[in-house]
Amino acid sequence: MAETPENPAAEPPRLDVPTEVSRPDAAPAGAPTPDAAPIAAARLNVTPAGIPGLDVDALLSNKDKHVIACCGSGGVGKTTTAAALALRAAEVHGRSTVVLTIDPARRLAQSLGVEALDNVPKAVEAVRGGSLDAMMLDMKRTFDEVVASHTTPERAAEIFANPFYQAVSSTFSGTQEYMAMEKLGQLRATGQWDLIVLDTPPSRSALDFLDAPARLARLLDGRVIRLLSASTPGARRSMLSLMGASAAVFTRVFNKVLGGHLLTDVAEFTASLEDTFGGFRKRAEATFRALQDDQTSFLVIAAPEPAAVGEAVYFTRRLTEERMPLDGMILNRLTPVAADLTAERALGAAAALEESDVDDPVAAVLRTHADLARRRAAEERVAARYAAACPEVPQRWLPTLGVEVVDLDDLRAFGATAAGV
Amino acid sequence: MTASAFPVPRLHIVTGKGGTGKTSVAAALALALAGTGRRVLLVEVEGRQGIAPLFDAPSLGYEERHLAAGLDGGEVFGQSVDADEALLDYLTMFYRLGSAGKALQKFGAIDFATTIAPGLRDILLTGKLKEAVSRAEAGRMSYDAVVLDAPPTGRIVKFLNVTVESGRLAKTGPIGKHSRSVARMLHSSLTAVHLVTTPAAMPVQETLDANKELMAADLPVGHLVLNKVAGAKAVEVEAEAINAGLERAGLTPEPALVTGLLKEYSAARAEIESIDAYRDRLEQLGRPVEELPLLPEGVDLSGLYQLARVLRPGIIGERRNG
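Residue numbers (this note's numbering), protein chains in the order written: chain A, 6 to 426; chain B, 282 to 603.
Rather than coming from a laboratory, the hints here were simulated on the basis of the structure.
We treat Cβ as the ideally placed atom computed from N, Cα and C, and that holds for glycine.
One or more of the hints may lead you astray.
What the hints assert, rightly or not - A few chain A residues that face chain B, going by a derived Cβ cut-off under 8 Å, partial list only:
no., residue
1, His-374
2, Asp-376
3, Pro-396
What the hints assert, rightly or not - Result set (DSSO-like, lysine-lysine): computed pairs, CA atoms no more than 30 Å apart in a straight line:
no., chain 1, residue 1, chain 2, residue 2
4, A, Lys-127, A, Lys-68
5, A, Lys-145, B, Lys-544
6, B, Lys-514, B, Lys-493
7, A, Lys-145, B, Lys-514
Full structure from sequences and hints, please.
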């Protein structure tokens with residue numbers, strides 16, 4: 006876990022950071038009572054007092070960190086967060102940065118200039134200071150590159166033609182996650198960038214990112230595939246004795262259920278794979294280990310919804326178990342509240358106004374505020390579950406910007422809010 | 282079984298972009314469909330356990346379990362379908378595997394089989410749905426309707442069309458045959474794919490895209506649900522009026538408070554005005570559009586019933602006309 010300054014306001018101001026009078030982090034401290042704290046936080050749009058604050062700028066300017074991986078369940082703003090952090094690292098901290106996105110929304114892709122799936126980072130135009138390259142992952146092509154770089158052109162052609170390879174490389178549910186890791190490894194190996202910001206695939210669960218590569222490796226390198234592969238009779242014998250009678254049942258059922266030709270494809274594929282790859286498992290393990298080193302930083306991204314927060318908690322526990330360097334949690338999409346007034350008082354005042362005029366326009370304004378304040382309070386109650394479960398993880402809470410992030414200016418604004426300036 | 286014998290959809294597939302609230306809508310739809318004497322099964326397929334918390338219920342498993350009473354005394358059951366268990370189930374049914382099945386699972390063979398054949402997972406999941414839709418007990422259908430909290434719009438066509446995908450890999454085996462019968466049901470009027478969106482540019486665009494893709498794949502699109510619609514009244518108001526209003530209501534009109542309220546209201550007002558534009562875009566697709574309110578406190582069980590009551594007229598109307 007990264008060091009987090011106890012009091013971010015005490016840090017010397019960095020010259021390259023645009024400063025503003027208001028320091029949201031200097032929110033009034035005090036015991037976060039259920040009533041008072043959310044309101045104070047609501048007004049200032051910040052992480053509540055009592056939760057360690059994530060210093061985004063300190064993380065982005067840390068020259069010892071070369072990879073920042075943004076993880077979280079689908080629909081929490083991972084891609085936007087990754088792009089905004091990368092842009093800020095380049096522009097504010099002058100770092101030579103590349104952002105690897107997986108499946109950006111069309112307009113975000115346009116603004117980054119990564120509409121085409123060309124699998125090679127391209128410079129983002131109009132970046133001020135530093136440099137930012139961006140790319141969108143093409144998993145099929147990345148898989149092809151892995152194959153091509155490890156074997157002769159003839160063998161590669163054979164593999165590419167295999168229907169099983171085609172299926173695994175384009176549709177297997179773990180392929181995207183594994184190829185994201187592969188690509189990360191490739192980008193790191195070039196040494197061309199000082200910082201790589203990684204968006205992770207839109208999986209059902211954030212855990213898939215950690216599990217899928219091993220799953221794919223197990224699939225391609227596992228004992229079942231050896232059992233089925235005619236090319237490894239020795240393995241087959243030993244597996245048979247291990248499994249006893251089940252093996253016979255298995256092969257029979259498997260052939261019946263899936264059709265015989267699939268197994269033939271698999272066997273051929275495995276045979277081509279054996280002498281070229283030297284084991285997918287090893288490769289996946291190496292990539293996985295690379296994520297554990299100190300140069301990497303994981304950020305968990307969440308939104309104030311029960312499922313997303315639950316997912317963030319599970320993912321955090323898993324990162325801790327795997328000794329992955331987790332540096333913080335970013336909570337996106339809080340309802341912005343601008344007026345400091347409790348929902349109850351707003352509703353009371355609205356009712357009082359409506360007594361003399363049911364259509365009092367100010368009553369409508371007050372009711373709108375009450376709705377926002379209640380939404381925000383409900384969101385904060387959900388978000389507070391994360392701090393309860395993972396009290397040591399520094400957090401940064403971000404209100405919705407009110408506009409969709411579509412161009413570099415929106416990304417800049419997002420990055421500045423994330424950094425709390 | 283011919284499609285025309287069942288003009289009313291009995292399999293309701295609810296999808297939407299992440300964050301649009303498709304799980305809540307699926308749950309509310311199940312409650313709305315569970316009228317007097319009716320039994321509805323609410324299913325999730327990706328092990329997300331998104332349904333149970335909405336009903337304050339313990340995590341769902343592979344066994345169907347009673348979840349809640351429907352809107353008019355019907356019953357809603359819940360189930361979380363897992364591909365590995367569905368394959369075991371399937372093998373047991375067709376091959377009488379017995380304990381050998383368990384051994385296969387232990388060995389990792391089940392996991393292997395469901396990962397090796399792309400789409401096998403999805404066939405098993407959709408196959409399980411078909412089984413629930415067509416199951417009969419004591420001369421009547423076990424469930425009057427089955428509601429699926431489906432994968433998000435980005436993956437829905439692939440999920441539902443997987444039978445076509447798998448046809449390439451498993452042409453001969455029983456899975457191939459099975460998948461073709463599942464495909465027939467998914468492409469028939471027995472099924473309706475409902476698309477959930479919120480009034481925002483990206484989810485609405487994704488809904489339009491999904492509608493197009495579903496039509497291209499010849500999958501039946503049902504209702505469009507515009508969810509989380511904020512209900513603020515459109516009024517003309519300025520800082521001075523707010524100042525005066527706050528004073529009349531006995532509040533101190535501090536400048537920061539007035540500015541804040543005005544800022545919030547104009548944002549909300551802009552949002553309300555944009556809702557009409559989004560609704561228009563959805564209505565142009567020529568499908569029924571249902572509108573559900575944003576519940577400020579989030580969706581809990583009582584919120585689900587509230588949403589179900591809003592959904593019911595559209596759903597019941599569909600049944601009568603059908």
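Each hint, compared with the structure:
no.	hint	in the structure
1	His-374	holds, 6 Å
2	Asp-376	holds, 5 Å
3	Pro-396	violated, 22 Å
4	Lys-127/A <-> Lys-68/A	holds, 23 Å
5	Lys-145/A <-> Lys-544/B	violated, 48 Å
6	Lys-514/B <-> Lys-493/B	violated, 34 Å
7	Lys-145/A <-> Lys-514/B	violated, 51 Å
Taken one by one, the earlier hints fail for this structure at numbers 3, 5, 6 and 7, listed in ascending order.
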